Each structure stands twice: as structure tokens, then as C-alpha cells.
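Undergrad: Make one complex out of these two single chains by using the hints.
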Amino acid sequence: MDVAGNRSNWRRTQVVRERSAKPSFAGSNPAGAFSYEVEKMRVGKEEVLRIAALAHIKIEPGEIDHYTKNFNEILDFIAQMNEVDTKQVSSAFHPASEPSTPMRADTPQPSLTTEEVLRNAPERFADYFLVPKVVE
Amino acid sequence: MDKARPSIKDLHARLSQGETKSVDLTQQSLDHAKNSDSLGTLFLSLREGRAMAAAEAADQRAKQGKRLGPLDGIPIAIKDNIVMKDEVATCGSQFLRDYVSPYDSHVVGKLKEAGAVIIGKTNLDEFAMGSSNEHSAYGVVRNPWDRDRVPGGSSGASAVCVAAGIAPLSLGSETGGSVRQPASFCGVVGVKPTYGRVSRYGLVAFASSLDQIGPFSWWVEDAALLLQVIAGRDERDSTSAAQAVDDYPQTIQKPIDGLRVGLVRDFTATDLDAAAEKNFSTAVEAIRGLGAKTVEVSLPHLKYAVGCYYVINSAEASANLARFDGVRYTSRSKDHGNLKDLFVNSRTQGFGVEVKRRIMLGTYVLSAGYYDAYYGKACKIRHLIREDFIKAFAKCDVILTPTSPCEAFPLGAKLENPLQMYLSDVFTASINLAGLPAVSVPSGFSEQGLPFGLQIIAPDFAEGRALGVAHHYQQSTDWKDMRP
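Those protein sequence lines, which keep their order, are chains G and X. Take 255 as the starting number for the first sequence in my numbering and just add one per residue. Take 22 as the starting number for the second sequence in my numbering and just add one per residue.
Chain X on its own, in the form it takes in the complex (with noise of 0.2 Å):
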């Protein structure tokens, strides 16, 4: 695909009139991911043969006049803690290396449905865990703007294979900003949905009451209609949200003039870095421009938000990781005389180094005498934080901030200061605890060339609006045709 962007709509247009074939997509796209070497490990997996197969098939339907839908035939990639039917899923973890998936997720049995082509799964934080892609057992992942930089995380290599033309749209998974996070440092579209909107059946758990699937794409446009496929209600996640599914496609198409977009005052607070607090107040401006009003809104416990969110996740990490022993679906160390070696060894040698800080913190919150000092503490700030957006929706229909505090940073800057890296989550992170919709969208550049992120944050449900005002900012916008 290289510098070409081309919309889902136009894909979808060509396919039903066989001016393009989903074979000739679809191997561009294999041909691109096995020659980006430059960008470091983006696959874990890739499906060439199974890939061509669908794509096929896709094809064949094409023919026919069967399409399935505007992603028949789509080459897409996900996340390597999005578990597929006879395909491995390692999370990025040496302990799950040989895990081959006897399911299909949700999300996946979604995309099948539709004819999407899955190419293969992409690199990430292991289990999703970190905020720069550097914690994976496997290698690290480049930033096309900029190699020698971050792609963001976790889902880093997901946004990597939008950002660079390898596949036009990708999914990841948030637990505290790791789709929203790396969109914005690789210019991408990312979106985190409501709590509950996708279901999780198939993700490998890693915080379970902050965790969603979400997807990235160039344009919004056709992050509203992969959504569209995913969303939904799914008795096999018994927090999958029974409420209909807006027509995102449609719902981005309505002009935004008259909208109430709230800003957040509490935010000049924190230390936000000067390039990104001058682009933000310029995408402001844009979006003043498209007819929007801006109103005042205050969020006044947003400041706690990281140190809540990471004694919550650590928390539900440290129990969602007991399950991994070295019994039943990880390797298992050799090194064991009775079953408590072999739980504790299979686990030492398994688990990467920021794994066992958070299962380890985790353990240590919950653990008796400081459970009500750390995790009840956090669960309480936690209802704050909540409360503070219900009250600021009042106000108005949207918040705006930006995505993250600073452009994408230089691969091994935060590794050794696990805190740095936390604290760039300081935007995200809220969102999950309060289980709110949000979107990134590309607003510029700084003078180094990096990408920044708008993050549009909406109402429990309202991701249309969301992507309604992402979408027709997006196209004001000169960057939408900037290519890394």
C-alpha cells in the first residue's frame, strides 16, 4: 500500500466492482510485514497461507455478488493477546510461546462474519503491560517517524502496522491507554470503547474491570465501522452491554456546530510538556472553527487518577495472572521436585520483568493489612473520578485533552523508571477507571516531525460522538495526508 491511505469505503467500493481483488490486498500486505525489518519485530505470528485462503474465498464471494459487508476481504492485523482459532498466542510472553488458541474470540468469530481477512498477530507489552512496547519478549517495535523512538504500548505494533500502510486497519487492547496511547505517537486513529460495548471473551485478561478491545485505523471512518462489527452484546462476557449499537458510519456523518465541548481546567495542574500543550490548544481552535463552543469543566481528582489506576490494575493483574502456572497452558520449568517448585519456577522463568513488578505490586496491595490502605483507597477514588465526569457531562457533550503529555520517546528512555513510564498514562488511565469512550486522532507534528493526539472523550455509549467530532476535525486537517 506504501503512501497510499485509501478509505475502507473506497477499498469496499473496488471490491464489489473487481477493479481491486482481495488476493492482491491481501499479499501486499504479507509482502509489506515480512519487509519492515526496519521497524523491528511488528509480527509474532503471520498467516500467509490461511491469510491467501480467506482472501480467496473473499473473492470468490465478490464474484458472486455475495459480498459480506465493507470489510470483505479487508486485510486487518490484531494483537497477540487476541486469541484465534489454531493460531498461537504468546501475549508476548516467553511463558505463553507455544500457546496454540482452540477458540476464536469474540471479536475474531466478528471478524470472520464480515470476511475480514486476519493477516497475523502483532508484537506487544507483555500482556500487555507498559506504555512503550519495550517490555516484550520478542524484541522491540520501531516508530515509522522516527526509529529510534517508541511506538507507544501496549498495543504498539498495532498501530505500527496502520501507521506504516501494512494493513488499513488493526485492533489492540486498553487497560489504561494502550490504543489511544501509541495512535498518537504513531499519528493513527485509535479508539477506546465504553466498558462493556466489545466483548472480551478471547482477550487474555490482564486488569478485568478496566480492560476493552479497541481499533486503529488512518481514517475514522473506517475505525466507526470496525467498531460497528465488534460492538455488541455477548453472553459469554457477563459485562457485555446489552444496549442497541449505534450506526457509528452514519452518527460521524452529523455536523458538529452548537456541540459543548468541555475543557478541562484541573489539567494546567499537571506538567504538561510545552510542544504538546501548544498543539493541543491548536487543535482547539480547529475545532472551535467546525462550530463547536467550548465551556469550562473540572475533574478535580483527575490528579490521582495514575496512582489509583496502578494499584487497581496491578491489583487484578496479580489475581488474572494465577492462572499462569506451568500446568495447564504455559511451558513449564524443568527445574521442579513437587508441584510448589514447579508453580514457582515455571513462573520465575516465564514471566518478564515488569510483569512481576505489577503482579508483585498487585499481591502487595491486596495482601492483608494494606488491602484497605491501597485497593479499597483506590476503589473509592475511583467513584470520584467517575462522579467528576458524570458532573462535567452535564455541561457539556464532549471533553477535549490531549492524549498523551509528550510526543512518542526515545527507545530505553523510561525503562529503567518504571514510574516515568506510568505518568505517561496520566491522560489515558482515567478513562478506564471511569469506563468512558475516547478516541485519538492525529493533530500534528512537532518540530521534530513526531505526531501528537487529540483525545475525545465521551458519555458511557456516545463513542458516535466521539468519532463525529474526531471525524470531521480529521478533515479539516492538512496532516491527514502526511505518510511516516
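So that you can see chain G by itself, here it is in the shape it has in the complex (with noise of 0.2 Å):
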């Protein structure tokens, strides 16, 4: 599925993206070639909170507006990445061949001490990580 044929996100936002307005790579393109519009957003408001909510990142009330516009841009701008047919391309999750990435013996090597582990926690209690109550 890619990002056009994404019927979930397709229904939510009802994007009808222009793709004419292609933005440029100058240094000197007005900022003015990517204008938000509202009526064009592939994200909400709403979604960008629930997103926030997932990366245990909280949003200001301030904040909102701002990052759902760079979003959509952002979202927009990646959305060029339809143009290419891949249904019959392999994944690379890295550039790196088999080879040049040899597994290493499993055997024990010295680690660091439970001091130096702990020495930059913000709170701990003997040889723990302290925090708040997790269980009731």
C-alpha cells in the first residue's frame, strides 16, 4: 500500500493534494511555495496529539498549530515518493552487504561496573534506578 492508496489516512483527511506547486531545492525559493492549507491536510490536529501521545511527548496548546503545519508539509513533500512503482523492489534497512558484517564470538568480556552504570542516573537507592511507584 502506499501513501495515495492509503484508504484509512485517505477517508480521515480527505487529501486532495495539488502536487504542481513542487517545492525547489534553491536556497532562495520564497518560503511562500509550501503555503499550509487547511482544507489540505493529510493531518490533524487531533492526530498530531495522539502521535505526541505515542513518543511520550507532551504538546503545548500553543504548540499545536505549529507542528501540525510542519507535518503536513513534511508529509506532502515525502508524498513525491509515489511517484516511483515499487511493487517489485526489495527492502534495503541498511546499505551495508552480508559480508563486511561479521557476528563476533559469544564469549563474556569485561563490562562496565554497577557504579559507573548508575553514576549518571537523576535518583537511584543502592544499586537500583529509582523511580516512582510503578505496582499499587
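Only part of the chain G face toward chain X is listed, based on derived beta-carbon distances under 7 Å:
1) 310
2) 312
3) 345
4) 346
From the derived model, a few chain X residues whose C-beta atoms are all more than 10 Å from chain G:
5) 49
6) 135
7) 271
8) 274
9) 276
10) 299
11) 319
12) 468
13) 496
14) 502
Calculated from the structure, these hints are not laboratory results. Remember, it's a predicted structure, so these values are computed and weren't measured experimentally. Idealized CB from N, CA, C, for every residue including glycine.
TA: This is how it looks when you write it as C-alpha cells:
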């Protein structure tokens, strides 16, 4: 499924994006080339808040518009990937070819001491990282 | 050091013969670093006492005729996302303002073995996310050629250290051009090694399928020497390659006549800044003048590289930065009633705007319902981009492009428009996607006196070849003698 063909996304945001105003790579390009149009949003404010919650980040009310605008501009630009037919293409999750990354022998090696590991803990108790009570 | 830019070879000879002392070089570097307020916040920590102690030890070795090699006693600055035992590593973030590393990164270990004197940790865009060094929590860095302009990013301050003559060498890190682009903006040499050539053990991870550590220097020969020291297999980074390391300082001396140089036709589709285009054509002519033959190559999927790159780097960043939670290494929000609040409030207060934007974008492209559409699609396009390069290298030995589509831009110009900022990575990000080595070498100046960079791309593990072209080209130019 590609970006344009993502049905659930399509229905939720009613995306119809004109692709005529293509971003330019020149540094001199006026910022206005990516002007934000509310009716063409891929992602709405509620979706941005949902994503922030997934990422364990809180967005203040005054920041929502800013993040939503940036998000839509970036996702619109990324959508140009849909021009490419990738049905028969395999995925590259990393650039390294197989033989160049040999496995090391699975033998014990010295590691950091408990003291070293805990050195940067914001709060500790004895040999533990201290956190608020999790289980009531 | 001021206007002089002695090569490491020269300094090595002088140190060996006792004409120069490492303590003097190091003191000069530290003094210069402390008197560089006009360049913004260059250093996040300076190792004054410890650097001088290392310099004294180097001088002792020199006296006994036991120098460890060409880097022994040479001052070097390292980017603050590369950890060093008992030194702060903030990554340009408030979140890690008090983090002191309990261990040495691989590259720091190698530098210590070589006797190099690490003078301090340089400023950067927070967690290396940015192209202007404006996203640091500790203040901006200014371009030494025009202090109202950015130095590039994310390794901006490492580039400025070399450009301004504070240190002859520095290290940065690359995810989509974070060494090459600031090298281009600041008029110095910057190298992005092949994926797997330099161990990332102790480099704070941003996007693990893209990250590499790379050198900055004034002279190409010096970057070759530094790369020689830091390259090679390290079992602590599972992506570290087993291939033998070339003798780069020797390889680069080979003449380049007859070398097949690829020029990318598809770049005309991108709207290259007119001055940058003219500069590039002139540089290509100069390389032809050195005896290289030009051939046309095609990289049809290149125009998708920036979009593909931002999906992949954000996805990987959202996973890598999940570890910063206010429990183990970061600062902790005082405002929390339960563990969930502790995570959320610590991250919200700790991360800056650009980092939050990337974590959220990455979370989105990996989330249920969107994974195939964004991350899955980007990984397939990445495959096509790498295939394009492999086909192109069947016809040529190196490929040339401008390093950046424009010269250094004014401070603040792109800060409110992240997409415009991302687009300045157009010529560099594809190289990280493909895993290839590339060098940015100064290629002259704009009418306003701002530097341009020429990017030389080579096949996997042929950084010696790219450095060779850069070396012969640099020796033929006049601007190697220009100073900011």
C-alpha cells in the first residue's frame, strides 16, 4: 500500500493534493512555495496529539498549530515517493552488504561496573535506578 | 595558529625534531578557543588541564624519540555526541546537560593510542538533527567567513574549529551530510566514510543505518591521516566492516589522469542555485585539466532521496531516542506523580523543538496503518537509490556533485521552515542512504566571499580514491591559501 492508496488515512483527512507547486531545491526559494492550506491537510490536530502521546511527548496548546503545519508540509513533500512503482522492489533496511558485518564470538567480555552504570542516574537507591511506584 | 595552516606532516616533522612543542600548539588552540566569542558557542566543554597534561606526555615521548605517529601531540576537537571517559557529552541537548561518560568511544580510544590531544567537545545541532547548528540548546555557531551566516550542521562547530585555525583537525558525525555540508559552508575538507568503515561505538545514535563519524581538516592529506587512525573493524559495533583499511596517505598520491569521472545528468532537474552551478562547472573543468575523463551517468531515483531520507532518519531517531526517559542517564522532570508522567514530562522538558518534530514524524511513519505507506516505501526507494549508484559506478570511478545546492545561508533564514532546511541536504543525504564514501573539498568562493564545496563520491570502501581526487584538485587551486 502506498501513501496515496492508504485508505484509512485518505478517508480521515480527505486529502486532495495538487502536485503542481513542486518544492524547489534552491536556497533562494521563497518560503511561500509551501503555503499551508487547511483543507488539504494529511494530518489533523487530533492526529498530531495522538502521535505525540505515542512518543511520550506533551504538546502545549499553543504549539499544536505549528507542529500540525510542519507535519503536513513534510508529509506532502514525502508523498512524491508515490511516483515510483515499487511493487517488485526489495527493501534496503541498511546499506551494508552481508559479508562485511561478521558476527563476533559470543564470549563474555568485561563490562561497565554497577557504579559506572549508575553514575548518571538522576535518582538512585542502593544499586538500583529509582522510579515512582509502578504497582499499587 | 591564526593565518598559518601547517599540515600534520609539517607539524609531525617539527615535533619530531624538537622545533615545536605539543604544549605550545595545545596552549595556542585552547587560547584561541577561549577568545572566539565572535564565532558563537563553539565549545560545550574545554579540557584545559587534561589536554595540557596529554600534550606534556607527548612532548616527553618526542624527547625520548618515541613518538607514536604523525598525530602524536596534535590538538584535535571532537563533536559533543562522541563520548570520552570522564567528560561531559551533552549532544547539544538540555536533556544530557549533566551526562558524564563512563567510557571512551572507539574513535577516542584510537586518538588516545595515536597520542592526539583532545582539546574539547564541540557544539552541534541537538542530537545531530539539523543543517545549520541553530538547533543546539547552548547557542548558535557563526560562520567565520561571514558571522551573520550559519556554519552548516549538524557538525557546525567542528567545521568552524578547523576553518578558523583553532585546531588542525576535528571529528564530526554524519547522518545525511552533517560533516560534508558544514565543510562546504566553512571552506574546509570533510569526509563521510563508507558505512561500516569507522566504528560508531560511543557515538550517541541518531539513525543507526545512516550514521558515520568523519574527519574535518584544512588539507586533504590531513583528513587521510586522521581517517587512517580511526578506520577499521571494531567488534563493539556490529556494522563495523572487516575489510582491510587502505593506506590513505599513500593512495591519495596516485595521479588521477585517465580516471573516469561521472557527472549526473539528473541533477539538472533540481533547482541548483545559479552561483553554485557556475562554481561546480568550473571545478569540473579543473578536474578535467588534471587529466580525468568525464562521462555522463544517470541516477533516476535521486530526486526522491530527501523524502526517503527524512522518513528513514525520523523512524530510526524515534526508536533510538526512546532510551532517553528520565530514568537512566538524562535529567529528570521534578513534575511527576507516576512513572508515565515522569517519562512524558522529562522528555517534554528535555528535548528541543526539532528533536520532538523528528521523533513524532518517526513515530507516525512507523505507526500501525502507516508503516507500509511511509517506512516500507522509503526502504524500497532506498534500495533503488543504491542500485542507481552501483550501475553508475560500472561506468565511472568517482561521481562529482556540488556538496550543497547553495552557499551558507543567513542565521534564522530557514529556522521556521523545516522543509526548506531539509532540502539543503539534497546532494548529501542520498550518499548516506546508499552507504557510500564521499569527500567535500573547497571549490572556491561566491561573489560575497562565501565558500563552496565540491563533493567527490566513490564506491564502497574506495574513500582513498575520493580523497585522491580531492587532494590533487586542492593542490591545483588558489583558494587553499585563502583564510577567513
